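Peer 1: Here are the chains, one letter per residue:
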Amino acid sequence: MSTSAHRMRKRAGRGGVMGSAGLYIATGVAALLFLVPFYLLVRNALATDPEITGENWKFFPTHIQWGNITEPFEDPTVDFGRSMWNSLVVGVLHTAGTLFVCSLAGYALARIPYRHANKVFYAVLVTLMVPAAVTFVPSFVLVSSLGWVDSYRGLIVPGLFSGFTCFLFRQYFLGFPKELEEAARVDGLGHWGAYWRVVVPNSLNFFAAIATITFINGWNSFLWPLVVGQDPSAWTVQVALSSYMTNQTVNYHLIFMATAISILPLLFVFLFLQRWLVQGIAQTGIKG
Amino acid sequence: MSTTTTRDLASPTPAEATGARPRRGPRGSRTLSFWLFTSPFLVGLIVFVYVPIGWSLYLSFFEARFTVTPSEFTGLGNYREILSDSGFMGSLGTFTVFAAFIVPTTWALSLGLALLVDRLRFMRAFYRSVFFLPTACSYVAASLIWKMSLFNGVRFGLANTVIGWFGVDNVAWLANPDPPWYWLVIVTARLWLQSGFYMILFLAALQNIPPELYEAAAIDGAKPGWQTFRYITLPQLRATSTAVILLLLVAAYQAFDEFFNLLSKTTWGRPPLVELYYTALGQDQNYGKGSAGAVVLTVLICVVTLLQGRIMGFGRGEEAK
Numbered sequence: 002m003s004t005s006a007h008r009m010r011k012r013a014g015r016g017g018v019m020g021s022a023g024l025y026i027a028t029g030v031a032a033l034l035f036l037v038p039f040y041l042l043v044r045n046a047l048a049t050d051p052e053i054t055g056e057n058w059k060f061f062p063t064h065i066q067w068g069n070i071t072e073p074f075e076d077p078t079v080d081f082g083r084s085m086w087n088s089l090v091v092g093v094l095h096t097a098g099t100l101f102v103c104s105l106a107g108y109a110l111a112r113i114p115y116r117h118a119n120k121v122f123y124a125v126l127v128t129l130m131v132p133a134a135v136t137f138v139p140s141f142v143l144v145s146s147l148g149w150v151d152s153y154r155g156l157i158v159p160g161l162f163s164g165f166t167c168f169l170f171r172q173y174f175l176g177f178p179k180e181l182e183e184a185a186r187v188d189g190l191g192h193w194g195a196y197w198r199v200v201v202p203n204s205l206n207f208f209a210a211i212a213t214i215t216f217i218n219g220w221n222s223f224l225w226p227l228v229v230g231q232d233p234s235a236w237t238v239q240v241a242l243s244s245y246m247t248n249q250t251v252n253y254h255l256i257f258m259a260t261a262i263s264i265l266p267l268l269f270v271f272l273f274l275q276r277w278l279v280q281g282i283a284q285t286g287i288k289g
Numbered sequence: 606m607s608t609t610t611t612r613d614l615a616s617p618t619p620a621e622a623t624g625a626r627p628r629r630g631p632r633g634s635r636t637l638s639f640w641l642f643t644s645p646f647l648v649g650l651i652v653f654v655y656v657p658i659g660w661s662l663y664l665s666f667f668e669a670r671f672t673v674t675p676s677e678f679t680g681l682g683n684y685r686e687i688l689s690d691s692g693f694m695g696s697l698g699t700f701t702v703f704a705a706f707i708v709p710t711t712w713a714l715s716l717g718l719a720l721l722v723d724r725l726r727f728m729r730a731f732y733r734s735v736f737f738l739p740t741a742c743s744y745v746a747a748s749l750i751w752k753m754s755l756f757n758g759v760r761f762g763l764a765n766t767v768i769g770w771f772g773v774d775n776v777a778w779l780a781n782p783d784p785p786w787y788w789l790v791i792v793t794a795r796l797w798l799q800s801g802f803y804m805i806l807f808l809a810a811l812q813n814i815p816p817e818l819y820e821a822a823a824i825d826g827a828k829p830g831w832q833t834f835r836y837i838t839l840p841q842l843r844a845t846s847t848a849v850i851l852l853l854l855v856a857a858y859q860a861f862d863e864f865f866n867l868l869s870k871t872t873w874g875r876p877p878l879v880e881l882y883y884t885a886l887g888q889d890q891n892y893g894k895g896s897a898g899a900v901v902l903t904v905l906i907c908v909v910t911l912l913q914g915r916i917m918g919f920g921r922g923e924e925a926k
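Chains as they are written, first to last, in our numbering: chain A, 2 to 289; chain B, 606 to 926.
Warning: the hint list may mix true and false statements.
As the list claims (entries may be wrong) - To give an idea of the interface, some chain A residues facing chain B are shown, with a C-beta separation under 8 Å as derived from the structure:
1. Leu42
2. Val43
3. Val135
4. Gln239
5. Thr247
6. Ala283
As the list claims (entries may be wrong) - Here chain B is said to cover these stretches of chain A; the calculated rule only asks that three of the stretch's residues, wherever they fall, bring their Cβ under 8 Å from a Cβ of chain B:
7. 30-36
8. 146-160
Derived from the structure by calculation, the hints contain no laboratory data.
Keep in mind it's a predicted model, so treat the numbers as computed, not measured.
Beta carbons: idealized from backbone N, C-alpha and C, even for Gly.
Put together the whole structure using the sequences plus the hints.
Peer 2: What follows is the structure in structure tokens.
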């Protein structure tokens, strides 16, 4: 693409050692500021309470307390291990389910000619006007009448039917090369067979991008798990963290360690899947 | 359902040409496939999106406390109640203040970061990752860091330690609404969390600006720096800026997590969703009033989205390119 030429020109235009140094200093300072909260998190997670709350606050703790790592799991007041497990189950099933239903529907809307397809598409588009968060009261009313409060079903199922994800898949499949599908159909595959054997295997990048974003949103979501998970056994990790903040007794290093552990899975996702994530965001411009 | 007799010869679809599944005829097979592919999604959409919205409309006309199958019809009573509720109306004010802070600051910061990163020659990927990394944090985790460490009201909070170096007294950041320092806490937390995400959008847009424009501007005597930015970069980013502002507004409208966690024991600084949470799921479980509130909020956001799209000409810049 022309981006390299673009950059070349800008370098020539900017020029000057001074301008370049200023650029790097500004970026470096901004980056340090962005890293401060992460540093505080790790520092406090590996420190003793007096070192967190003491009079003489030091930037570096004197002794690193590696023993803090297991403490959230041994805490009798909040079952942190259970909440991590709940988040993992919810995050994985939420991602798999969303991808399954939304991609199928998006494909049909883009590629299977049917007289009333437009009407169906409008019915999906209308839901984009109403953000899911605004309707949490009616959704809770429904889920509690189904008896799904405090269950994985209640946490997962209502969030699967994202009009927006369906819309993204439709837009993507509109641009999927027709020749590949035609070849599959010449080989005698129907829509269903062509979809699973040709379309999906050739769209794995897009699926990975959407999966990454969906998983991050699922892991980090708070309002719906707070509403549905009323019993501590159904808490996700975000609800558990929130409960620490309102507890009577505050155990600082434990709280920070729990927070650090809750972020770890997503840091892995970021480090290893960043390519798809950035690609997905740039393509779709979404999150949440 | 499947009409096999009338064949639409005009439609030039590949399905027709190859004629897979000769048993049912192409159109019947297509109809069947269409519903096979869409029904899992559509059934879910109806049950979990349309039904709750309909039900909530229904509940909003009834007296419904602690029950979701009410019998006492109250007409517009719930609406009158919620629209004269000082808490609910105040929450709309809170949203307005919040949006006025967070939308311009996030727009400027994410654009600024994108301009910086776009110019870098070395360690581009590294800096991009650093600014993007906070997106991995949840609002709950960020609230916890902000409340317990960064903006703790006592001496050991980093903010108070830093202002202490300059001889300024400790500030109770969250525990006191006057002066409303809590806005600084709320806004910086969200800025940190979301700027990297919008930076990615701006970066992608910056790389799509044709370099010829800058060359032409240089020939016409535009100085690199402010002039090129003002007359080339900014107009070329119009479509992205509009989309970002719209996304930011909708996100601010749905703000819940950080307000709920940072201001958990306070009565001030409640945006609409927090207010709704306490109305519908708080002590008196007033589903009727809560549903009326949800309907009002839904209508408001629909109007705002539509007006925004109209006024700012959503997507027009893209076509002009």
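Peer 1: Of the hints given before, which are not true for this structure?
Peer 2: The structure breaks only hint 2.
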